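Given the structure of chain W, go ahead and fit chain B onto it with the hints provided.
For the record, the sequence lines run as chains W and B. Position 392 of the first sequence, counted from 1, bears residue number 392 in the numbering used here, the numbering being contiguous throughout. Basically the numbering used here = 1-based index in the second sequence + 1000.
Just so you know, these hints were derived from the structure itself, not from any lab. A portion of the hints provided could be inaccurate.
Claimed, not checked - Reference listing, derived: stretches of chain W covered by chain B, where coverage requires no fewer than 3 residues with Cβ under 8 Å from a Cβ of chain B: (1) 377-391; (2) 398-404.
As the list claims (entries may be wrong) - With a straight-line cut-off of 20 Å between C-alpha atoms, the simulated SDA-like cross-links for lysine to any residue are: (3) B:K1012 - W:P195; (4) B:K1012 - W:A386; (5) B:K1012 - W:A390; (6) B:K1012 - W:A192; (7) W:K186 - W:R302; (8) B:K1012 - W:H196; (9) W:K186 - B:G1084; (10) B:K1012 - W:R387; (11) W:K186 - B:K1012; (12) W:K186 - B:E1018; (13) B:K1012 - B:V1025; (14) B:K1012 - W:G189; (15) B:K1012 - W:A37; (16) W:K186 - B:T1083; (17) B:K1002 - B:V1070; (18) B:K1012 - W:M391.
On a predicted model such as this, the values are computed, not experimentally measured, just so you know. Ideal placement from N, C-alpha and C gives every residue a C-beta, glycine not left out.
So you can see what is in the structure, the chains are spelled out below.
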Amino acid sequence: MPPGVNAGDTAWMLAATALVLMMTPALGLFYAGLVRAKNTLNTFMMCVAALAVATIAWAVIGYSLAFDGDGSIVGGLGHAFLSGVAFEPRDGTTIPHLLFFAFQATFCILTTALVAGAVVERMRFGAFLVFAGLWSVLVYAVLAHWAFGGGWLQAQGTLDFAGGVPVEMGSGFSALAAALVVGARKDYGRQAILPHNSIYVLVGAGLLWFGWFGFNGGSGFSAGEPGVLAFVNTLLAPACALATWFVLDLLRSRHVTAIGAATAIVVGCVGITPAAGFISPMWAMALGVVAALPAYAVIVLRTRTRVDETLDVLAAHGVAGFTGILFIGFVAEAAWNGVSDGLLYGNAAQLGDQALAALAAPAYAFGATFALLKLIGVVSPLRVTAREEAMGMDVVSHGEEAYATGEGAILVEPIVPGVPERARPEPAVAPVPS
Amino acid sequence: MKLVIGIVRPDKANEVLEALYRAEVRGFSMSRVQGHGGELDRVETYRGTTVRLGLAEKVRFEIAVSDEFVEPTIEALCDGGRTGEVGDGKIFVVELEQVVRIRTGETDNLAVTPVGA
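Looking at chain W on its own, in the form it has when it is part of the complex (with noise of 0.2 Å):
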């Protein structure tokens, strides 16, 4: 082991990369079960496409551009095609930077897969993968060096222990921008379009928090004190978020409802992501309710208006995300970071450097994420025709079905030598639809 890594911690962020990486197709499950039962594995495929695209990008470009040198807008070169990451300690950590590397590759895979939540049911597929290689490197990699490589954000005393920059606000105003750019599904406020399996949905939640113990707590990068406080803040933020949601959901319905129980967990672990390893667990406590409060009042509002921004990314990580990195302002404690206070520990000048990033990011965010997509839009259509959205973006895009049930279906290929072949009916030859 060279000199400088630490094998407990290299332990814990072995594992913790692990852990995020799960996130993704976590993520999937929750999206897919919130789409009709035609698009959910288009929606899941959206997800499963950053695990490719994001992954590549990340490691030719992306990683480089955000994690070498601390240039103010964007990092170097020096680290493109992975030059020079090796098993030598990460400077400031002590475990070892190819691992380093791979942990910050998980959180571009999940957040590139967050985008995708705007956009679903009537994105064609081909133009995603475009998108999301693209955002990945332009928006992704500017944000994370802005908030942890080094770059002005972080120079300039911003606090984000896990992402609330590129992660959080970084998806969720792209995602607004993604939605406006794209446009409203055909049914759009036209008929009822309701989630099509609410267990996947919970289960995805469940499995996301889980994940988000690995997200939080590995961003100190150690098994030390700041990984301890973000995990255990990971456990207390989301429970309080979820039981703000149940008085909110009684308040407006008199219902608990499970999606709205899901909405909750993610919205806790976004609200804790940025203030994690910053701030008390009794803090992280009322974050929970306070993150909860603006995240509902938009997903209530949102969907009053024409912007189909449909699995509420904006409302679940961007808004709670700009939450958790204002919350910081007030509450960072330095007797349990070591870093810094916030606003009512005597430090005012926390809470501008964070004001200032809760500014900047979704700004970013939103006018990069929009020139993207306007710019793929001119090369290639961003969406599928009306016909194709009614059918369904499985069958479109992939050919296949979420819920094949095999009646009907009359067996091509492969055709094995010795089976007699039975009777089937003639192909029909009725013209193909334009």
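Using the frame of chain W, we list chain B on its own:
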């Protein structure tokens, strides 16, 4: 009295429902069926297995109406269900011998007239 049976695309079912409500046709049943009516088969692939789907998902409306409602019902089914491509479905109109409303024992035209109409 006639029984109007309309077989339509599942993704058009909501528009058919709207059209039926607009035509003030309020009593009907709806079921999911699978069928084949000359449209091009869909090919799907699962790992090494490629299949041709001979049966397409459809939605079947069964609507018992008095004679003056037959044409509006047919129009609603056509308006709501049409895309112009093969596979839009069919409408069958058949004679009804007898209708009984179970709750009241009303028969025939009274039984197919919606409550409160």
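Are W:K186 and B:G1084 close enough, with their CA atoms no more than 20 Å apart?
-> holds (18 Å)
Keeping to a limit of 20 Å between CA atoms, is the pair of B:K1002 and B:V1070 held or broken?
-> Holds. B:K1002 to B:V1070 sits at ~7 Å (cutoff 20 Å).
Verify the proposed pairing of W:K186 with B:E1018, using a straight-line Cα cut of 20 Å.
-> holds (16 Å)
Is B:K1012 within 20 Å of W:A390, Cα to Cα?
-> holds (8 Å)
Taking 20 Å as the top limit, are the C-alpha atoms of B:K1012 and W:A37 close enough?
-> holds (15 Å)
Sort out whether W:A192 lies within 20 Å of B:K1012, counting only the CA atoms.
-> holds (14 Å)
Does the alpha-carbon distance linking W:K186 and B:K1012 stay inside the 20 Å limit?
-> holds (12 Å)
Below or equal to 20 Å on CA atoms is what counts here, so check B:K1012 against W:P195.
-> Satisfied, since the Cα-Cα distance of roughly 19 Å is no more than 20 Å.
Take a quick look at whether B:K1012 and W:A386 sit within 20 Å of each other, Cα to Cα.
-> Since the Cα atoms of B:K1012 and W:A386 sit roughly 12 Å apart, the hinted pair holds (cutoff 20 Å).
Hint consistency between B:K1012 and W:H196 [alpha-carbon to alpha-carbon, up to 20 Å] | holds (18 Å)
Compare the distance between the alpha carbons of B:K1012 and W:G189 with 20 Å, and conclude whether the hinted pair is satisfied.
-> holds (16 Å)
If you draw a straight line from the CA of W:K186 to the CA of W:R302, is it 20 Å or shorter?
-> Within the cut-off at roughly 17 Å; holds.
Comparing the model with each numbered hint stated earlier shows that all of them hold.
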